[in-house]
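Required output: the full structure, derived from the provided sequences and hints.
Listed in order, the protein sequences are those of chains A and B. For the first sequence, my numbering puts the final residue at 346, and the numbers step up evenly by one. For the second sequence, my numbering puts the final residue at 449, and the numbers step up evenly by one.
Everything labelled a hint here was simulated from the structure, so no lab data went into it. None of the hints are false.
Below are the DSS-like pairs computed for lysine-lysine, each with C-alpha atoms no more than 30 Å apart in a straight line: (1) 15/B to 449/B; (2) 329/A to 260/B; (3) 26/B to 17/A; (4) 402/B to 329/A; (5) 17/A to 440/B; (6) 398/B to 318/A; (7) 398/B to 222/A; (8) 222/A to 260/B; (9) 241/B to 15/B; (10) 160/B to 329/A; (11) 15/B to 329/A; (12) 449/B to 318/A; (13) 402/B to 72/A; (14) 160/B to 124/B; (15) 329/A to 398/B; (16) 402/B to 318/A; (17) 26/B to 15/B; (18) 7/A to 96/B; (19) 449/B to 329/A; (20) 372/B to 68/A; (21) 222/A to 372/B; (22) 7/A to 372/B; (23) 449/B to 276/A.
Here are the simulated distance ranges between beta carbons: (24) 434/B to 206/A: 42 to 50 Å; (25) 218/A to 448/B: 35 to 43 Å; (26) 403/B to 296/A: 41 to 49 Å; (27) 40/B to 76/A: 55 to 63 Å; (28) 31/A to 185/B: 46 to 54 Å.
Some chain B residues near chain A, calculated using beta-carbon distances under 7 Å: (29) 260; (30) 261; (31) 262; (32) 334; (33) 335; (34) 336; (35) 341; (36) 342; (37) 372; (38) 376; (39) 377; (40) 390.
Idealized CB from N, CA, C, for every residue including glycine.
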Amino acid sequence: MMNETAKLTVSASPHVKGPATVSGVMFDVIIALCPAAIAGIAVFGFRAALVMAVCVGSCVAFEYLSRKIMKKSVTVGDLSAVVTGLLLAFNLPVSIPLWMCVIGSFVAIVIVKQLFGGVGQNFANPAITARIVLLVSFASAMTHFPEPKSVDAIVSATPLATLSGFDLSGDLTGQIHLYQAADKLPSYFRMFLGVRQGCIGEVCAAALLIGAAYLLIRGVIKIAIPFSYIGTVAVFMLLASRFNLAFTAYQLMGGGLLLGAFFMATDYATSPVNLKGKIVFGIGCGLLTSVIRLYGSLPEGVSYSILLMNIACPLIEKATAPAYFGFVKKKKEKKAKEQAKEGAGA
Amino acid sequence: MSHPSPGAILKAVAKGRGGIHVAHNKITADCETVRMPPPRCVVLPMQQHIGAPCAPTVKKGDHVDVGQVVGDSDKYVSAPIHASVSGTVTAVADVKLANGRIAPAVTIESDGQMTLWEGLRPPKVTNRQELFAAIRASGLVGLGGAGFPSHVKLNTPPDKPIDTLIVNAAECEPYITVDYRECLENSWNIMGAVYTLAELLDLKNVVIAVEDNKPEAIRVLKAIADEDNDRGDIVKLMTLKSKYPQGAEKMMVLSATGRKVPAGGLPADVGCIVMNVASAAFVSRYLKTGKPLTSRSVTVSGDCIRRPMNVRVPIGTSIREIIDFCGGFTEEPYKILSGGPMMGQALVSIDVPLLKSNNAVLAFSRRGVGLKPQRDCIRCGRCHEACPMGLIPTQIVKYANKRDAEELARLGVSVCMECGSCAYSCPAGEPLVQHMRLAKEIMREAGVK
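This is the structure in structure tokens:
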């Protein structure tokens, strides 16, 4: 069957490859974002879908154009631009002018991602950086949060903004009850379902948790970063509120904590690869978020804290480098030898 | 180590990190080993082992019989080469090997008789030194793939006392079933070797390690291990969760004893010797018959092979002839491997001789082993999670591209055993093992250890 001139393929081992692909991983993330996307549309109406479409479309277009202009292979097929677009839309209020979405996409894809070498090379999370750039540039448009479609109540601020006005040393439970009764603070149930003010993708805790569970089951993300991140915030809030559970619950479900912890802080390119590094990274994010929320001038700090920890990521990775198999510390080796000598002497 | 009740099956005492789950594809598991008829001719390269090459001891025109020495070396770390067929030496010249290297070899044209050399006698072995001498004379090298001379491996320095012999029957590479067949077909030889080695090397523990996907092998070996009650219960059977690369030497030592072989060290540094199950069975056979290593079992498999099977083949037989014996190809092969799909070598040509350390010949179409399109690394960390040695391949690639030998040494590249778990799990399809080899080469060039 095989003749003398037949050519055989030669390559380095291993000769079988696992089923995982980059586009498969990205597709899993997209699936995991779907519940939150649906919840966003349900809560804020059709315009939420429009914002998502514009963000995704412009992210993919910028990805395509920048690769073309830089004369590099077109990587639109890996779906990473779609993920970035969705995440960016999730971090915007539904009333955002659409041209701002395009600017955000430009910052995310062209400046943060492609100028640094494309997927895996960016030093900061593209969607988060884009959100911060928009927040700084268009502060009023970015902090104008319309009420959910189904709610008639007149709510003046996001839950976190309301909470930040509370006196931490005062009677927190009483203040929360007062605001809940006046409909100035959504009930726990509404918080969980996402019927509240906020960015498109961050409001529905239930949808975010479903998506997060999917990612964990599929092995796309590890629990280390979300656990240490949310855990740190929870502990910090409990201590700061003198173990007030209601206050802590609002802090955990409010703002972009769940979205940030499960979908943004776990971004592969900008978080440590090793377990110890992931835990340090998560705790750092948690501390920064808590400090900004309670003691900073801003009601929300998830974006800033993730961005700051992104920048610290290479340092964390270096400091927490795991010992490889059979690694022997020079000092320990000496000590062991001395002990062995002593043992032999005795 | 706790002392289990007699005949109990041990579970691994420690679990290694990383590893991957690869499709086993042990399609030849139920194929009884078939002895191949004498080939037309054999080509015996003078180096089939790690260590000093042999020099031919025969010349063109000589008549040789099976088991007669045709190449030897006066160096200790070496293993003699024996004629694997009877017939006439037709050439003593350079040939091209599977790895592309050119090496001197003795070519013997078979007379079809397979006459045994009359000088073969069972060796007299009563102590360590006689055992090592006998094993060296037998030409045995690690049959699991490494090809390290067995007498050197067993002859550990006196300052490193050995208490545990681990007989490796894990066979974690997909497709390959020769060790499994060895367990079923030669279980008494395996046990014979175990007792001989335990007595002569004064070993306290012998652990036979099998993956739990081979229940039949476990049953057969356990039945024999149970006979060992009156010998003080030194032999224990250990089952391992089937996970690649469970059969790697350092992983074995960790599973069986909980000890970690230090980086740059050998199992002997923690009191262990790991021996492949087929090598062990051979020792026992050799001590009984005196017939040196002239043939071995290979798994011939893959989706392009018409009749996948396990074949007992004279060493030096051309791989083309072995494949023809198995019915040839069903379609034009895309890739042919010597060894398993995880660590085996892709062959440039099938007109190369089978060596002592080759345990499989696998022929695949593009469907089986097609390359994954290569994309940019997304830093997902799957390579780090899969690495049994705890290395961080993403960083190693980075510093290999910068040719930074110091940093590569800090990252511990030298402990990489090239098992391929990282490259298998990489979604971007990066040839990570190739990068590891490059990194080692950069360190070697810079003289960094």
